[in-house]
Amino acid sequence: MIRLLRCPSLVALVFIVLGADTAAQAVQYDLELDIDSEADLYDLAARGELEESEVEALVELLREGVDLNSASREEIYELPGLTYEDVDTILRYREQTRIDDPADLVVASAITQEQLLQIAPFLLLRGRDDLPVSGHALLVGAFSAQDKDPPPAYLVATGKLPYNLSAGIGLATTRRAMFGVRYSLDQNGLVADQPSYRFQVPKFFAMWKTPMFQVVAGTFRLGFGQRLTLDNSTRQRPNGVYADTVIYTLSEELRSACNVSNAVSIDGEACEKGLYTTPDFRWREGFRGLAVSARKIPLAGAEMSLTAFGSYQNKSLYQYELWSPDLCTDPHDDDNENCKAPWIHVAGASTFEERFKYMTLRDLFNEVAAGGNVQVDFGHVGHLGISGYWANDLFNVQGMALDFQEWSNRPYGGPFGAVGIDGSARAGRVNLALEATRTFDSLPSPSQTDLDLPRMPDGGGGFGVLGRAIANVQKTHEIDFSARFYDRNFVNPLSRPMANSDEFEGQRARNEAGVRFKYRGKPNEDWIVRTAADLSIWPEDGEAPNTAGVTNLELLGALDFVGWRSAKLTAEIRYKNKDVAVGGRGQCFAYQVVETSGEPAPPCAGEGVRFKLRGHYEPLGKLLAFTAGYAHNIVDDHNYEDSFRQDSTAWFDVTSFPHDQLRLRLRTRYKNEALDKATYLEDSLWTYLDVGYLPNKIWDVHVRYDTYAWLDDRKSTS
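Take the sequence shown: its position 323, counting from 1, is numbered 323 in my numbering, and each next residue is one higher.
Where hints are given, some of them may not hold.
Within a straight-line C-alpha distance of at most 30 Å, the following computed BS3-like cross-link-like pairs (lysine-lysine) qualify [what the hints assert, rightly or not]:
1) K148 <-> K209
2) K296 <-> K357
3) K209 <-> K518
4) K697 <-> K357
5) K622 <-> K576
6) K622 <-> K677
7) K715 <-> K148
8) K612 <-> K576
9) K612 <-> K475
10) K209 <-> K296
11) K475 <-> K522
12) K522 <-> K576
13) K522 <-> K622
14) K518 <-> K612
15) K568 <-> K622
16) K148 <-> K315
17) K475 <-> K568
18) K475 <-> K357
19) K357 <-> K315
20) K518 <-> K622
21) K357 <-> K209
22) K475 <-> K518
23) K677 <-> K357
24) K475 <-> K148
25) K612 <-> K677
26) K677 <-> K576
27) K677 <-> K715
28) K622 <-> K612
Ranges between beta-carbon positions, derived for each pair [said to hold, decoys possible]:
29) I421 <-> N164: 25 to 33 Å
30) Y575 <-> V703: 37 to 45 Å
31) T210 <-> N188: 55 to 63 Å
32) N338 <-> V703: 46 to 54 Å
33) G460 <-> D193: 36 to 44 Å
34) V107 <-> T531: 43 to 51 Å
35) V703 <-> K148: 19 to 27 Å
36) R182 <-> L569: 52 to 60 Å
37) N164 <-> P539: 47 to 55 Å
38) T210 <-> K148: 44 to 52 Å
What the hints contain is simulated information worked out from the structure, not anything from laboratory work. Where a beta carbon is used, it is the ideal one built from N, C-alpha and C, also for glycine.
Please model the complete structure; the sequences and the hints are all you need to start from.
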């Protein structure tokens, strides 16, 4: 059955630039992925080629840009396709002269033409005589045919002001956000009003920044070292405070308009007819408060930097991550119905059975946090730093005690924090880094409860350590090796270290020991080789008994041909095994089983392979370009007892710049999960046309029309 779920739909984007700052344009990324706009990043995520965290990092990198004349070594290394050897060459070049045109780096053999194309979208170009006042503004809105409310929209505006000042704000309208969760004596439980159209100001900042000092008031993020002790940024090499105004654009998927179980008087039509609606735009809730830093303080031949922050931020929570100590002594007791998330009833509903489902509860609690970093930089030799923070979560609901489920990312019980030391060193072409962290929390130990649950962690905190070595073998070959260990009690929600994708009680970087190897090289002018391997093991039992020793393996092999000026080809294979000791079909590798309460079931085993081919051809240069690709997945699935489940995805793009002021893009994607079962998973065709108009350097206006057709015979799409 064919069902159009987004026809007609319209996405309108307005990009306004005031002043002299402009972003360079190109379409190449490190993995030979087309990067021309933010929309491309969301499309790549929809095809399974980028993870959500990677999309967030690249979106911020695109919006903020990197100024090659002032960026640090680590900031330039954030750019795709560059090795440390390339970065050091760029730094040596800029010591001799200003980089007014990045193409000069190619002329000077600092980087190749291909590398310039890859990094160009992320470069911030500033003239010598910049205006004292300049800025950027981005306005985005979206709606679909079934929407009954005004469309969601957001506006992000940032400005550079005289005297080293800058400011920014992010405004948004939402329709599906739930506010005002409260305790009702009449219903003896939690209630909330139906979501309504709202105006919000989730992002704002004012900043004063000089080469030595920085003060940020408002919303910000920060991070240091290997991201093990303190980091809520999206950067791979964070080192400091970053003002935050980022709001993310939605993907192509609509969301169910029904958010109530047993709907009778509330939202009944949406639930009865299975209506879908455009989702709200989203943002990450970082810090909100004040951050101060001082850099380049002379210290006995070295330089010291100091950073301190304080934050009081409203936080949201998925409703099934709630736990009430008034009803249950410990959330680990899954046999006790009272230990599950308390129901949230619809205020004013005609029956008590009408309650919300699958909702995120906005401003449910406040995170109070404070901390900082002290770092000594020894120049080209390396650095040594100490980071730490303290945090506590305060719920806004009166009348019922609330806390977090044990599988939530946030630890229950009270305050938590971490302290750690990190350092780096350079030895020739080898870059070394190490960070060790001790976490602290208020989780009870098993002896402090009445439960006999051997899978409970000890509580109180744990240890984590991460080491990394990046070596350049000549200029075109880079090897990245890392090793990590996070014990079972290592709980740190304000960190983002590298880790396997599995989780233990809401944390990826927990109960894991692993090594990772990555290589990227160019053996000659025509080929780029990329390989990676990640092996990790559970040192102790996970949520299920007798699971210590579970071993995960991930492998990647890719080959890019770049020998033709007008065409590029990519072949890639990825392999993942969630438990190498468990073989046979019928495993639940493809989908994590989730109970009706929202609580995840024990982890799945199984294996999967993804093959991908991609080609890009420009017969007429910018006037006409084609991109085509095909990916095939072979994965274990609990519904396939004797074989693998097979999925396929194919896409085709046509891009044209018929005029310097006009850009056209037509993109279509066919996706079929479970090729042999039309009633099981998604079978869809998504097509959109994007028209961009750039009348001058001030305006960049895009209008986009999407259609999304579900071709399968599932009950939810029939």
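For each hint, the structure was consulted:
no.: 1; hint: K148 <-> K209; verdict: 45 Å, violated
no.: 2; hint: K296 <-> K357; verdict: 52 Å, violated
no.: 3; hint: K209 <-> K518; verdict: 36 Å, violated
no.: 4; hint: K697 <-> K357; verdict: 46 Å, violated
no.: 5; hint: K622 <-> K576; verdict: 38 Å, violated
no.: 6; hint: K622 <-> K677; verdict: 41 Å, violated
no.: 7; hint: K715 <-> K148; verdict: 23 Å, holds
no.: 8; hint: K612 <-> K576; verdict: 15 Å, holds
no.: 9; hint: K612 <-> K475; verdict: 28 Å, holds
no.: 10; hint: K209 <-> K296; verdict: 13 Å, holds
no.: 11; hint: K475 <-> K522; verdict: 9 Å, holds
no.: 12; hint: K522 <-> K576; verdict: 25 Å, holds
no.: 13; hint: K522 <-> K622; verdict: 26 Å, holds
no.: 14; hint: K518 <-> K612; verdict: 19 Å, holds
no.: 15; hint: K568 <-> K622; verdict: 15 Å, holds
no.: 16; hint: K148 <-> K315; verdict: 28 Å, holds
no.: 17; hint: K475 <-> K568; verdict: 22 Å, holds
no.: 18; hint: K475 <-> K357; verdict: 54 Å, violated
no.: 19; hint: K357 <-> K315; verdict: 19 Å, holds
no.: 20; hint: K518 <-> K622; verdict: 33 Å, violated
no.: 21; hint: K357 <-> K209; verdict: 45 Å, violated
no.: 22; hint: K475 <-> K518; verdict: 16 Å, holds
no.: 23; hint: K677 <-> K357; verdict: 28 Å, holds
no.: 24; hint: K475 <-> K148; verdict: 57 Å, violated
no.: 25; hint: K612 <-> K677; verdict: 22 Å, holds
no.: 26; hint: K677 <-> K576; verdict: 24 Å, holds
no.: 27; hint: K677 <-> K715; verdict: 13 Å, holds
no.: 28; hint: K622 <-> K612; verdict: 25 Å, holds
no.: 29; hint: I421 <-> N164: 25 to 33 Å; verdict: 32 Å, holds
no.: 30; hint: Y575 <-> V703: 37 to 45 Å; verdict: 41 Å, holds
no.: 31; hint: T210 <-> N188: 55 to 63 Å; verdict: 57 Å, holds
no.: 32; hint: N338 <-> V703: 46 to 54 Å; verdict: 52 Å, holds
no.: 33; hint: G460 <-> D193: 36 to 44 Å; verdict: 40 Å, holds
no.: 34; hint: V107 <-> T531: 43 to 51 Å; verdict: 32 Å, violated
no.: 35; hint: V703 <-> K148: 19 to 27 Å; verdict: 22 Å, holds
no.: 36; hint: R182 <-> L569: 52 to 60 Å; verdict: 58 Å, holds
no.: 37; hint: N164 <-> P539: 47 to 55 Å; verdict: 48 Å, holds
no.: 38; hint: T210 <-> K148: 44 to 52 Å; verdict: 51 Å, holds
Hint check: violations occur at hints 1, 2, 3, 4, 5, 6, 18, 20, 21, 24 and 34; the rest are consistent with the structure.
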